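Undergrad: Below, each chain spelled out in residue letters.
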Amino acid sequence: MKLITHNILMCNKKGCTKNNFPLRLVVKQYADYEADNAQEYSANLMTRLLEKLDWNALKITVATLPDWGIALPDAVTPELAKDEAFLQSLHMLLVRRQIIDGEMVCPNCERSYEIKNGIANMLLQEDEV
Amino acid sequence: MNHRPEQVAPADVFYGVDEAKKYTQNTRMIQIQRTITKRALQMLAIPKGQHRMILDIGCGSGISGSVLSQKGHMWVGMDISHAMLDVAAERGPEGGVEGDLIHSDMGHGFGYRAGTFDGAVSISALQWLCSAEKKAQNPYKRLNKFFSSLYACLIKGARCSFQFYPSGPEQVEMITSSAMKAGFTGGLIVDYPNSKKAKKYYLFLMAGYSEEIMQEAKTVIMPEAKTGSGDSEDESSEDDSDDEMDSDEEKEEDSEESEQEERIDVKGKQRKDFKKAFQKKVASLALPTKGIQKREKFGGKVKDRKWILRKKDRQRRQGKLVRPDTKYSGRKRPGSFF
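As they're listed, the protein sequences go chains A and B. What the first sequence shows, in the working numbering, is residues 262 to 390, in sequence order. What the second sequence shows, in the working numbering, is residues 6 to 343, in sequence order.
Same shape as in the complex, but just chain A (with noise of 0.2 Å):
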């Protein structure tokens, strides 16, 4: 799973509708695909996903995930939005950055979401629709 999936994902349980984003996000294995396999680069579907971005909920996961050892701006600026060496480091971390193993909880209801074999399972019970 990529980190842009994790920005646009919610909790889903029935009754769950507050403070239900960002999920805390747990890994425990990531990989990096070479950049000719992931989803090719270009400035256009970068600068698509930046609108799409919530900047605050990226950065407060990437702050839990220290050894990750990337920092990132408080804000995006305009011009920061057309920099080309800006948009191939974002490409970097939310498209080509899988996340193979670990878990989401729900900092609201605390109800778990695992990731597994790069799969995110947000199956919900019968009882929990």
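Read the hints as simulated data drawn from the structure, not as lab findings. All values reported here derive from a predicted model rather than from experimental measurement. Be a bit skeptical, because a hint or two may be false.
[Unchecked claim] Quick partial rundown of chain A residues pointing at chain B, CB under 10 Å, derived from the structure:
(1) 298
(2) 301
(3) 380
(4) 383
[Claimed, not checked] Simulated DEER-style distance windows between Cβ atoms:
(5) 285/A - 37/B: 39 to 45 Å
(6) 95/B - 375/A: 14 to 20 Å
(7) 170/B - 372/A: 30 to 36 Å
(8) 324/A - 195/B: 49 to 55 Å
(9) 327/A - 33/B: 47 to 53 Å
(10) 370/A - 12/B: 32 to 38 Å
(11) 279/A - 31/B: 44 to 50 Å
(12) 375/A - 201/B: 42 to 48 Å
(13) 285/A - 21/B: 30 to 36 Å
(14) 34/B - 387/A: 30 to 36 Å
For every residue, glycine included, the Cβ atom is placed at its ideal position computed from N, Cα and C.
Could you slot chain B onto chain A? The hints should help.
TA: Same frame as chain A, but now just chain B:
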């Protein structure tokens, strides 16, 4: 003998390890899925060179996703079958599956942030929503949940194209009405309606209206259905085809129309015959024809003095204000010159 998989077993059971294998080895199956995905993507009307974030509902082994990746789009796919997702994960980015995979049930709705997706596609998945597998599942509730949460996670004006296999007109009605209830506009597109084999149903939906997206997709406001047999369709022609309207469907409509006209003709003829017969009879009886002529002229309703007096009397009895009867009541009027 039951041929519809959704009536055999739930999706997560039906698409087990064996079935999932088919989706990696059967080249014909893969070919069909790819073609359908391309057509669905065409309906989203994303301009060339633009890359978007797309939701793939029922992504399975990622065949549809690899088409999306090829076109440069980022995608998130969801499926209920873990076996299928495992196949997709195994193929991985090397095998063209570059999007993200999420194991979840579309009938449960999805928890994506509002406005995250620029569009959605779904290949052969929607019909699964219509059948309940467990006692607790209500197809109507599941459909409503699905469409309302889909609407929530799309941007305004986003387009969706869902190819599916409805079991009958009731199912189509069930799905479309649920989509309209959630706020979508759009409708059903049937490709190759005259071919039993190539016939494909697409549910084309728009989430609200956005000027920008409308401008982008000016040329494809409402995608037209493809006609013809669809047998000779190959990938290369699929790519750049701006589908031309075959006249088959129009012809069919024409013939129906003329048939209807014929029916009307028959009726008219019958009436004429009847009129003639009536006139003949009147002539043979040698009755005074003046009143009858008049009656004919006014379609059988002649309001003479007798009728008027009767009516006035009736209204008087009802307590209405009526002018008194005089020698002028219902008097003859001068006829027209012609």
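Undergrad: Each hint should be assessed against the structure and marked as holding or not.
TA: Evaluation of the provided hints:
1. This hint holds: residue 298/A has a C-beta 4 Å from the nearest C-beta of chain B, less than the 10 Å allowed.
2. For residue 301/A, the interface hint holds, the least distance from its beta-carbon to any beta-carbon of chain B being 6 Å, beneath 10 Å.
3. Restraint check, residue 380/A versus chain B: the minimum CB separation of about 5 Å is within 10 Å; hint holds.
4. Hint on residue 383/A holds. Least Cβ distance to chain B is approximately 4 Å, under the 10 Å limit.
5. Separation of residue 285/A from residue 37/B is about 42 Å and conforms to the stated range, judged on CB atoms against 39 to 45 Å.
6. Between residue 95/B and residue 375/A, the C-beta spacing of about 18 Å keeps the proposed range 14 to 20 Å intact.
7. In this structure the hint that residue 170/B and residue 372/A lie 30 to 36 Å apart at CB holds, the actual value being about 34 Å.
8. Between residue 324/A and residue 195/B the C-beta distance comes to about 52 Å, which sits within the given range of 49 to 55 Å.
9. For residue 327/A and residue 33/B, the hinted distance range of 47 to 53 Å is satisfied, since their beta carbons lie about 50 Å from each other.
10. A beta carbon spacing of about 36 Å between residue 370/A and residue 12/B agrees with the range 32 to 38 Å that was offered as a hint.
11. In this structure the supplied range 44 to 50 Å holds for residue 279/A paired with residue 31/B, their Cβ-Cβ distance being about 47 Å.
12. Taken as a hint, the range 42 to 48 Å holds for the pair residue 375/A and residue 201/B, whose Cβ atoms sit roughly 44 Å apart.
13. With their beta carbons about 33 Å apart, residue 285/A and residue 21/B fall inside the hinted range of 30 to 36 Å.
14. A C-beta distance of roughly 31 Å is found between residue 34/B and residue 387/A, which places it inside the suggested range of 30 to 36 Å.
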